[in-house]
Amino acid sequence: MKARSKRLMLVGGGVALLVAAVALVLSAFQQNLVFFHTPSEVAEGKAPTGKTFRVGGMVEEGSIRREADGLTVSFAITDTARVIPVSYRGTLPDLFKEGKGAVVQGKLEADGTFRATEVLAKHDENYMPPEAAHAVEQAAKAAETVSQ
Amino acid sequence: MNSPERSRSIFRFAAPHNFYPLAGRLAPCFAAAALVLGVVGLWLGFFVAPTDATQGEVYRVIFIHVPAAWMSMFVYLVMAFWSAVGLVMNTRLSFIMSQALAPTGAMFCFIALWTGALWGKPTWGAYWVWDARLTSQLLLLFLYFGFIALTRAIEDPRRADRAGAIIALVGAVNVPIIYFSVQWWNTLHQGASVSLNKAPSMAATMLLGMLVMAIAAWMYTIAVVLWRARSMILERERHTEWVGAVLEREAQGGRA
Chain A
1 MKARSKRLML VGGGVALLVA AVALVLSAFQ QNLVFFHTPS EVAEGKAPTG KTFRVGGMVE
61 EGSIRREADG LTVSFAITDT ARVIPVSYRG TLPDLFKEGK GAVVQGKLEA DGTFRATEVL
121 AKHDENYMPP EAAHAVEQAA KAAETVSQ
Chain B
1 MNSPERSRSI FRFAAPHNFY PLAGRLAPCF AAAALVLGVV GLWLGFFVAP TDATQGEVYR
61 VIFIHVPAAW MSMFVYLVMA FWSAVGLVMN TRLSFIMSQA LAPTGAMFCF IALWTGALWG
121 KPTWGAYWVW DARLTSQLLL LFLYFGFIAL TRAIEDPRRA DRAGAIIALV GAVNVPIIYF
181 SVQWWNTLHQ GASVSLNKAP SMAATMLLGM LVMAIAAWMY TIAVVLWRAR SMILERERHT
241 EWVGAVLERE AQGGRA
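Here the protein sequences come in this chain order: A and B.
Position 135 of the first sequence, counting from 1, maps to 135 under this note's numbering, and the rest follow consecutively.
Position 94 of the second sequence, counting from 1, maps to 94 under this note's numbering, and the rest follow consecutively.
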């Protein structure tokens with residue numbers, strides 16, 4: 001065998017072993033690599049409910065309620081299957097809206113309310129001008145009327 | 001080795017003394033293309049592309065952020081490719097190419113992280129979060145720094161080349177992790193707007209601006225890497241006759 005093809009096999013074999021090792025490590029740490037848990041995972045008991053963790057999903061339509069003190073906000077995070085009521089005291093990011101994604105960090109109280117210490121807005125990968133967004137909204141409404 | 005057939009093939013440019021003048025002729029063309037495309041891309045991005053419905057004007061960071069992030073990942077893969085070629089074929093120019101790429105890749109990686117932080121604050125509400133995408137991209141920056149530090153720290157160029165090549169190959173595993181992190185795990189970072197297996201989820205002018213900026217980043221990278229490779233060649237081959245001849249010609253005002 002030529003020295004060159006020997007080296008090729010050595011480098012190729014080394015890289016293949018490395019990829020396999022990394023794949024094993026990543027699958028072992030699967031749980032620690034997620035940034036947030038979904039409400040369904042929390043309901044199934046997969047989230048570390050004993051300590052601070054993050055829940056992510058959509059802010060449920062019509063769920064945002066501001067308390068009298070003007071600082072405390074309550075809303076609900078849903079993944080359309082399960083809903084978690086959240087209470088938070090502080091300022092919200094600009095993109096925090098009903099029907100949009102959000103990630104909250106905090107602790108689950110005994111009464112099932114999630115007391116958040118931090119709220120992050122999660123936006124999607126769609127970028128369009130306001131007119132297009134309006135058109136999409138109208139089309140969705142029209143489709144809804146047709147299906148009814 | 002020096003049969004006439006071989007010297008006419010494209011592989012003759014693997015010899016530093018053939019590559020040096022070629023790189024010198026090509027680099028200004030790529031630099032000019034980078035300048036023109038960069039101006040057009042920024043103009044498209046900041047003046048032509050419409051405002052985004054959800055994010056308003058702040059989304060325009062995308063015209064710098066995404067091309068920089070793409071480039072930072074791609075440059076690392078090219079670096080790993082040249083390192084593998086160098087290890088297998090024992091070609092001097094391959095190692096020079098991979099080391100010439102590293103500072104530019106690190107720069108784009110830093111730009112991607114920095115613009116990402118500036119984008120994250122007004123949209124997410126945080127400059128930085130430790131989600132899989134952001135963390136793996138930060139790891140990429142450290143891999144670049146590690147590669148640069150290691151290749152500069154070892155005196156013997158042959159040993160430096162080999163050590164660097166191993167970091168480049170090992171670190172290349174991180175690139176697909178960065179790219180697929182938003183699909184594999186729950187991340188705060190949104191998914192890809194542009195990918196091979198689906199239609200882009202962006203308005204046409206936005207997409208055009210971003211792609212023109214991406215090509216500008218390519219042209220810039222090629223130009224800078226060719227120039228950097230040229231100076232590395234001169235440094236490494238300074239004891240050879242041809243470099244002496246080149247330096248003499250340049251000193252007399254001629255072109256190499």
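Quick caveat, the hints were computed from the structure, so don't treat them as lab data.
Since the structure is predicted, the reported quantities are computational estimates derived from the model, not experimental observations.
Using N, Cα and C, we set each Cβ at its ideal position, and we do this for glycine too.
Among the clues, some could well be false.
[Claimed, not checked] FRET-style restraints, in silico, Cβ to Cβ:
1) B/W184 to A/E109: 29 to 35 Å
2) A/G112 to B/L138: 32 to 38 Å
3) B/P50 to A/L26: 36 to 42 Å
4) A/G70 to B/L138: 34 to 40 Å
5) A/L17 to B/N90: 55 to 61 Å
6) A/G14 to B/G244: 45 to 51 Å
7) B/K121 to A/L17: 23 to 29 Å
8) B/F11 to A/G14: 23 to 29 Å
9) B/F145 to A/G90: 44 to 50 Å
10) A/A20 to B/E155: 31 to 37 Å
11) B/F180 to A/K2: 19 to 25 Å
12) B/P50 to A/K107: 28 to 34 Å
13) B/M89 to A/K107: 55 to 61 Å
14) B/M89 to A/S40: 49 to 55 Å
[To be verified] Below, simulated DSS-like cross-link-like pairs (lysine-lysine); rule was C-alpha separation at most 30 Å, straight line:
15) A/K107 to B/K198
16) A/K141 to A/K46
17) B/K198 to A/K6
18) A/K2 to B/K198
19) B/K121 to A/K6
20) A/K51 to B/K121
21) B/K198 to A/K51
22) A/K97 to B/K121
Between the beta carbons of B/M89 and A/K107, is the distance compatible with 55 to 61 Å? holds (58 Å)
Indicate whether the distance between the beta carbons of B/F180 and A/K2 respects the range 19 to 25 Å. Violated, at about 36 Å.
So the hint says 36 to 42 Å: do the beta-carbon atoms of B/P50 and A/L26 match that? holds (39 Å)
Please check whether B/F11 and A/G14 have a Cβ separation lying inside 23 to 29 Å. For B/F11 and A/G14 the Cβ distance comes to about 25 Å; the hint holds.
Please verify whether B/K198 and A/K51 have alpha carbons no more than 30 Å apart. Distance ~39 Å between B/K198 and A/K51 Cα, so the pair is violated.
Taking 32 to 38 Å as the hint, is the beta-carbon distance of A/G112 and B/L138 inside that range? holds (36 Å)
Outcome of range test on Cβ distance (A/G14, B/G244; 45 to 51 Å): violated (39 Å)
Between A/G70 and B/L138, is the Cβ distance one that fits in 34 to 40 Å? holds (37 Å)
Should the hint that B/M89 and A/S40 are 49 to 55 Å apart at their CB atoms be regarded as holding? holds (53 Å)
Cβ-Cβ distance between B/F145 and A/G90: within 44 to 50 Å? Violated - the Cβ-Cβ distance for B/F145 and A/G90, about 36 Å, lies outside 44 to 50 Å.
Supplied distance hint 28 to 34 Å, evaluated on CB atoms of B/P50 and A/K107: With a Cβ separation near 42 Å, B/P50 and A/K107 fall outside 28 to 34 Å, so the hint is violated.
Measure nothing beyond the straight line between the CA atoms of A/K51 and B/K121; if it is 30 Å or shorter, mark the hint as holding. holds (26 Å)
In summary, the numbered hints that this structure violates are 5, 6, 7, 9, 11, 12, 15, 16, 17, 18, 19, 21.
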